[in-house]
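Asker: Now for the letters of each chain:
4 protein chains.
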Amino acid sequence: VSAVVDLNADLAEGFGRWSLGDDMALLELVTSANVACGFHAGDPAGIRAVCERAAERGVRVGAHPGYRDLAGFGRREMHVPRAELRDDLIYQLGAVRAMARAAGTDVSYVKVHGALNNRAVWDAEQAAAIVDAVTGFDADLPLVVMGAGQLLDAAQRADLEVVIEAYADRAYAADGTLVPRSRDGAVLTDPDRVVEQVLSIVTDGSVRAIEGTLVPLRARSVCLHGDTPGAVTLASRVRAALDATVAVRAFA
Amino acid sequence: VSAVVDLNADLAEGFGRWSLGDDMALLELVTSANVACGFHAGDPAGIRAVCERAAERGVRVGAHPGYRDLAGFGRREMHVPRAELRDDLIYQLGAVRAMARAAGTDVSYVKVHGALNNRAVWDAEQAAAIVDAVTGFDADLPLVVMGAGQLLDAAQRADLEVVIEAYADRAYAADGTLVPRSRDGAVLTDPDRVVEQVLSIVTDGSVRAIEGTLVPLRARSVCLHGDTPGAVTLASRVRAALDATVAVRAFA
Amino acid sequence: VSAVVDLNADLAEGFGRWSLGDDMALLELVTSANVACGFHAGDPAGIRAVCERAAERGVRVGAHPGYRDLAGFGRREMHVPRAELRDDLIYQLGAVRAMARAAGTDVSYVKVHGALNNRAVWDAEQAAAIVDAVTGFDADLPLVVMGAGQLLDAAQRADLEVVIEAYADRAYAADGTLVPRSRDGAVLTDPDRVVEQVLSIVTDGSVRAIEGTLVPLRARSVCLHGDTPGAVTLASRVRAALDATVAVRAFA
Amino acid sequence: VSAVVDLNADLAEGFGRWSLGDDMALLELVTSANVACGFHAGDPAGIRAVCERAAERGVRVGAHPGYRDLAGFGRREMHVPRAELRDDLIYQLGAVRAMARAAGTDVSYVKVHGALNNRAVWDAEQAAAIVDAVTGFDADLPLVVMGAGQLLDAAQRADLEVVIEAYADRAYAADGTLVPRSRDGAVLTDPDRVVEQVLSIVTDGSVRAIEGTLVPLRARSVCLHGDTPGAVTLASRVRAALDATVAVRAFA
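Protein chains in written order, with our numbering: chain P, 1 to 252; chain D, 1001 to 1252; chain B, 2001 to 2252; chain X, 3001 to 3252.
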């Protein structure tokens, strides 16, 4: 259905002594790099290193802010009031923009991380805080969102450019939401299944839900995970399959 | 010796539930607000609140970054390698610039905080990191520095605009450096002595050292502390004494 | 209804440069000190200082652990899985016990802080984690809880000693729960009203709900807040009113 | 020279989502596990997991506290006043003891981490703080130290049991100190050289310094690093070589 698709992954998710995933290998494969902003992961030197390499490879840099929760990697839902969450996000966006510019590139889009992204599907207050943050920081930045939910609605109401993404390796439920990680089968590990899902999304605009039904899902970007074993190999297969089918190109 | 002087104070030095000093009262008295950037103090919502009020009052906002050390309030010297320190600083500068712009103003200068500022007097590596950070972030920003030392030298070599500041309530040694806080008499608490020191600096370009000698000190800005008991009263007296003597105006 | 009551307050809730409330004044008035454990507030030196003074004044020390959330002061609900929350709590209990012993006293009871305490009223998983922690750390420690809810039930099922507490300055709803801070009238500020509520609890075993009805509330301990303006004055009045009515004595 | 030697490694050095080294594999090879205490690395759940496995394998658990510096992994020197450092250490010791006991074992010794351990060789104030902490927490715990320096001296003056350790894979200078990591050749990567150094220490009581001279070094414990590539393979070789030569047994 689409002649062009973007491929994104979460990068710079180490912190100090700790690294996570093979950022440099993934930067050879993706067209957009979601760069952690320091609150759930990502230290300034690591953010710079990813931005520098992204600049060299022509990969677009997106800011990927999350909850202030290093110990939980931003994967634990937190109740943060709207104004406070907005300011936490603007702070992170500004910090990563400074690092990106120092590295010779810039922040070209925003995608929020982890539990915040999941919660913003149903929590109108946190969805509003995210939209407030992008609007207050730089209203020209596209916001990457899931195919349905409060965040998508709020972003559209605020006239932000939205980019709907699909997950390569996450199972979908019949209502188009992600199957929670706590459920069996939530993460696809069979490379053939992952490639099949990606091609179904890109060429048919739909995804096979865990219940077996076909769910419409029109995505301009496909998200790969970089922190799983075999992530680079899987990413290579997805990229090759996409290259054989559509043009793979950043949206921003 | 100077018809104009700036009055600065460290603000937004609370964190979450904790506040420090009376930011709003001080914003009625100073012309430049050194805004904490989140690593030694300062959370995004608190940074915004100070920036918004500064914008309303016409007070200039400076970024006031420090070591990543909330528990030590940035007052404990740390050995941080040059590139890592540079990136920690750029991150903070970008974060506070985003908050300032969201609040309707901007970062107009840089002044580093606490132990980092003190160490940069003698540590050429950390001084270089600070200069790298300002240069890499926005080379047009003036850097507020003490009247002598490695940081001043490095900033001048890099053609940064430097603004020399003097401390209203800190005792000076005969060599023009600050008497360390650990020594008796390091902090002036008698308001008359503080006013006297400020006027001596502004009108004579010199300060009476703790040893009794007169030390030349030509400062374009005077620093007040906001976190001591009686800080606001003292600041009012200093401001009144300056208003009666020179024009009090931001340098940036 | 009771000849004896305990008076507790949350102490050691500063962090590094930041202080909160007048710990030393409150230690003259309370019989039990809930000592912050470092995750939502409280640094080791501050914890020691409160424990040392509590030891001198014969005030019992309780551990007062919370979510790992300095920026939110433990007042933001977090979704933390049961085993992880249990371990976060045991870590804090052990840390504060070590500080208490180094200060010549010991941890004599446990009371969880803020949003964790509130959430454990209805969240059975987090309530279970708290009980797991006390059981796994030292099953002889009493647990201070609110008058109803999942935490009370879970603690009783595990045969922990429970101590029900009432809040001196928080309004109650007709169902015996606290009126959320976000609602008008949630915090009582009129000292006469506070004293009246405390005496009603202690002598009648009931509290006047915000709706006007009388709610039964049999509490062995009354909680004062130390971080509000006028906290010490209010605490003095409550202590005097109690001294005139019952014996004020630690439960542990 | 010694019929018995202990083999120790730093474990539990992950944090939240981030892991470091293969703790479970190393627990098959060492006799003592230095467990990170949460300030430079180590979260409660990770600490428990290592302690549980150590208990199963009969490996002794030591507390391995460091500076409060997650971003720097405790490898950046910090100036922390003596009383504050002491309390930071007692807090960590108590926290890990609680985790160890909940896991069915206990803390049997103390070894400080990283830059703190290095600095305590020459900084008498920080050395004293470490001794204060062990004395104030549990004076029966042995302290693992390097073969010379202020910490060794202070511990002996305080009648603490000291256990001198040698590093398997770090080059020594002619004065018996470690070659700083910043110098070429500071870390031995050739397994044959590592085994040779370990056997020289254990059987001859000396080590070949980087300058070529033989330096006396009588160590009761040998330290392996677990966070380098090939760490487990190297540890296996060292263990096998030691098993063929002496009895490998915990000192505590």
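Read the hints as simulated data drawn from the structure, not as lab findings. Hints are supplied without guarantee of correctness; some may be wrong.
Computed list of chain B residues with no C-beta within reach of chain P, every gap over 10 Å [stated by the list, open to error]:
{"no.": "1", "residue": "Ala-2071"}
{"no.": "2", "residue": "Gly-2072"}
{"no.": "3", "residue": "Glu-2077"}
{"no.": "4", "residue": "Ala-2115"}
{"no.": "5", "residue": "Gly-2147"}
{"no.": "6", "residue": "Arg-2157"}
{"no.": "7", "residue": "Ala-2158"}
{"no.": "8", "residue": "Asp-2192"}
{"no.": "9", "residue": "Glu-2196"}
{"no.": "10", "residue": "Gly-2205"}
{"no.": "11", "residue": "Pro-2229"}
{"no.": "12", "residue": "Asp-2243"}
{"no.": "13", "residue": "Thr-2245"}
Which residues of chain D face chain X? A few of them, derived with a C-beta cut under 10 Å, are [stated by the list, open to error]:
{"no.": "14", "residue": "Tyr-1067"}
{"no.": "15", "residue": "Arg-1068"}
{"no.": "16", "residue": "Gly-1072"}
{"no.": "17", "residue": "Arg-1076"}
{"no.": "18", "residue": "Glu-1077"}
{"no.": "19", "residue": "His-1079"}
{"no.": "20", "residue": "Ala-1083"}
{"no.": "21", "residue": "Glu-1084"}
{"no.": "22", "residue": "Asp-1132"}
The beta-carbon is built from N, C-alpha and C at its ideal position, and this holds for glycine as well.
Asker: Mind listing which of the numbered hints don't hold for this structure, in increasing order?
Answerer: Structure breaks hints 1, 2, 3, 4, 20 and 22.
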